[in-house]
Amino acid sequence: MGEKLIRYSPWLIHFNTGACNGCDIEVLAALTPFFDPERMGVKLAPNPRHADIMVVTGAVTKKAASRLKRLYEQMPSPKYVIAVGACAISGGVFAGSYSTVSGADKVVPVDMYVPGCPPKPEAILDGIVKLLLKVGRGG
Amino acid sequence: MSVIEIPVGPQHPALHEPIMLRVRLDGEEVVGVDVVTGYNHRGVEKLSESRSWVRNIYLFSRICGICNTVHQQAYVQGVEKLMGVEPPPRANYIRTIMMELERIHSHMIICAIMAEVIGFDSLFMLMMRDREVVMGLKELIAGNRVHADIHIFGGVKRDIDDKIRDTVLRKLERVEERIKYYRRVFEEDFTIRKRLVDAGVIKYHEAIEYSLVGPTLRGSGVKSDVRADDPYAAYAEIPFNVITRDEGDSWARMLVRLDEALESVYMVRYALEHLPGGPAVPKNIKRAAPPGEVFSRAEAPRGELFYHIISKGGQNPYRVKVRTPSFNNIVNGVFAYRGARLADVPVILTSFDPCISCTERVLVVDESRGVKRYVRLKELSRNQGW
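Protein chains in written order, with this note's numbering: chain A, 7 to 145; chain B, 104 to 489.
Calculated from the structure, these hints are not laboratory results.
Predicted, not measured: the structure shown is a model, and the values here were computed from it.
Treat the hints loosely; a few may be bogus.
Said to hold, decoys possible - Below, in silico cross-link-like pairs of lysine-lysine (DSS-like), each with a Cα-Cα straight-line distance of 25 Å or less:
hint	chain 1	residue 1	chain 2	residue 2
1	B	266	B	424
2	A	136	A	126
3	A	126	B	266
4	A	126	A	140
5	B	184	B	424
6	A	126	B	389
7	B	149	B	306
8	A	126	B	274
9	B	306	B	260
10	A	68	B	424
11	B	386	A	69
12	B	283	B	260
13	B	389	B	424
14	B	386	B	274
15	B	283	A	69
16	A	68	B	389
17	B	415	B	274
18	A	140	A	68
19	B	149	A	112
20	B	184	B	415
21	B	297	B	274
22	B	184	B	149
23	B	386	B	149
Claimed, not checked - From the derived model, a few chain A residues whose C-beta atoms are all more than 10 Å from chain B:
hint	residue
24	28
25	31
26	35
27	40
28	70
29	73
30	82
31	98
32	99
33	106
34	109
35	132
36	139
C-beta atoms are modelled at their ideal positions from N, C-alpha and C, and glycine is treated no differently.
Chain B on its own, in the form it takes in the complex (with noise of 0.2 Å):
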């Protein structure tokens, strides 16, 4: 058996993120898969050691600019249960629904990403148009497109006025249109089902022996959401279904996804319909916490992400110990591609939604070896060029 090993990435159009895949291949039938990882390794969990409590939340939302807000409530609740600090209600609604805000984006974002990688520009333009009402709507509340920042000890940072309030509630109902008509797209669009169904097929009992996290598990039909199992912030007092789908395929996750987002756009309305009173902005910020050493998880919109945070008392952490969801999805999920064509390899990669620089403080060596071929994840996809 002569295998051929290609080597995909760093550096793509379509990703725009660094990873590299190792595919081993016999013709068209992918044998195996190694990542490489590490380009995008800064050194974020050795930097928050020499760094102040306050400091470091804006350091641990940029881990990940997409899932930003996640990170610094994962960080912010840990924290605050070190220094023995209760966030008021109000604030714990607007943080929640900057997390679902945040939700919304990120799956828009990766919906259009996967039709750009099946070569289905138009609807990629066409999400990435409507996933600009969302960020506006960040914007309003936050100030900022993406990094939202708005989580400090003991509160927010910003108070939600009756005006955002309504004008976030009408821009809502274009979004879940927009939403409703992407999960038609998705669900009926010939040349989707085409790419998507039964490429990467993972299993229900793989899912949980190779410890996927996400809409990765749930499109396997796994229960499993942190919200609902182990509520914060706000989500005991908010209802919402966790979507679950049977078929494993790239096609249920991204179904999944798209249901969530649906379902994002329903929480952040129930949150500003039910805003309770009172403050929400803290008047004095505590700067140093106890010896302590506290667990903390969160669910980000690709899974369960978990902060360990040990404190020996001052102004510093210890040590922060950050486990991000899509470690364990891109790192776990290779054995998803064996079998696949060459083709589905994008696809598959595309499904886990990988988010590279969340992945990259971890790092992963290996030597490369042999003769190679650069190929770009788009020229693979669309099967020209190499």
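Just chain A, same shape as in the assembly (with noise of 0.2 Å):
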């Protein structure tokens, strides 16, 4: 993937597809001044086509699944999914429920993977870090 780079700055799109709201705060918390990654120029895009990196949250409810998808498809290329918390991992504790389908990567192709119920926002930030590095940029 090392051809697709983003030369500037990421933004960010959050989608919750059925989280418990662990997820979102701290995801929240990531962007807001104790964090700070404005100052690099990372914050929320206002819409699904500014977007560089959709970070989902949530264990990925059969409704929501179809939205995620259509969210993914308005992103312009190159574009980038970063899977938070257990349940946009695996489904968490809500794996094996009727209506989950258990793993944001069932529906989207996922790039990077932040483990924790919830992970800390600096674990956030880390994997975003590490996905720029991984597509080429910031190293």
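Assemble the dimeric complex from its two separately framed chains, guided by the hints.
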């Protein structure tokens, strides 16, 4: 994937696919002054069409799955997906439920997994940095 | 009369949670709102039937990340009643401390989000910064910032030592000072008053008639709080005031929250200073419950939380029914939008403190129809982009 560079500060879009809120408030906390990624230009995009990285949280319910796919299709290439939290990785405590598909990677291609229940804001930011290093920027 | 339908959501950056409001408009005036939910339905109640009593503690706390400790409290105190286990007083105090810390951060986050929704971004950022102190305290006591997971049948999993107690007491001073400041901002700031005062008025009798709960109910002048009406954990021993306001608008609901957060600071301080001695961590954990049926309720940051647990004996519950406060407030509260202007819709929704993950264990089926324009909540609140 080395040829698909993001040459500027990535903008994120956050989609809750059926999370308990734990990861969502940590994603929110990661973007606020205490950690302040905005000093590097990393911030939430107002629209999927402006976004480079999609941050997916939650166990991906069946109803949210089609919306997740549609949001991903609306993003311009190159685009990447980070799955934040145990639920977005494998379904977490909700694995095996009748209404979840258990894992964001069953619906969209995931480039980086951030484990935890919920992961700390530092871990979420670290995931974003690792993704940027993986795609060949920021090294 | 030509009525335009505008869908709001389900993906928008303001609330971080998927919900869709179908707003019907006549010009600028809202004539009706339909709530479309189901994006977050995870089937928790069904899952709980196939898991053991102890594993379910962690499942139920993950109904909602913001009010996780109070979900655990309601479930654990219900199951303890079934099992005939009584937690020691020290454990009750530690549970109460965690629940009140959670209330502080929950009320701070919704006030911060309200600031963001009305376009007051610097206030949002400042409140989120000061909320980090409370998250740090939660991590100090429980070992995790969000999911405390401190409850276990017959006690708590971690004790508080003197060093932790002193740190918490010291840091609470800063939290108290900041909350007092934000309360003043919400009370006096011209912009905030312009947007919140008289937005989504709910009258005293309406609040009761539509069975609203929590700060939404207390913002309409109804004095009802499970902590005072039916004390659980250590609430019977800790003095506190039930906050009410008579205005019934979005502004009153936010001020009730800030006053409650301040009240919670005093409660945590009192509980830490009067922490009883003795054990808090149980040596043995009971894993099976005899047949029976219990009701259990607790006051979540958003209102009354209700658990109905049925056991047929053995390792698993037979049925657990959860009634969360947000479901009442969001779905029953739709009458509050009528007659408001379109730009007030996000303000009114935020003033209910919508916790979608709590709500979404209930599936509401709705068919979509007609021409749609997608609008983000934030754009709507600032009157741009549509």
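Unsatisfied constraints (hint numbers, rising) = 1, 6, 7, 9, 11, 12, 14, 15, 16, 17, 18, 21, 23, 24, 25, 26, 27, 28, 29, 31, 32 and 33
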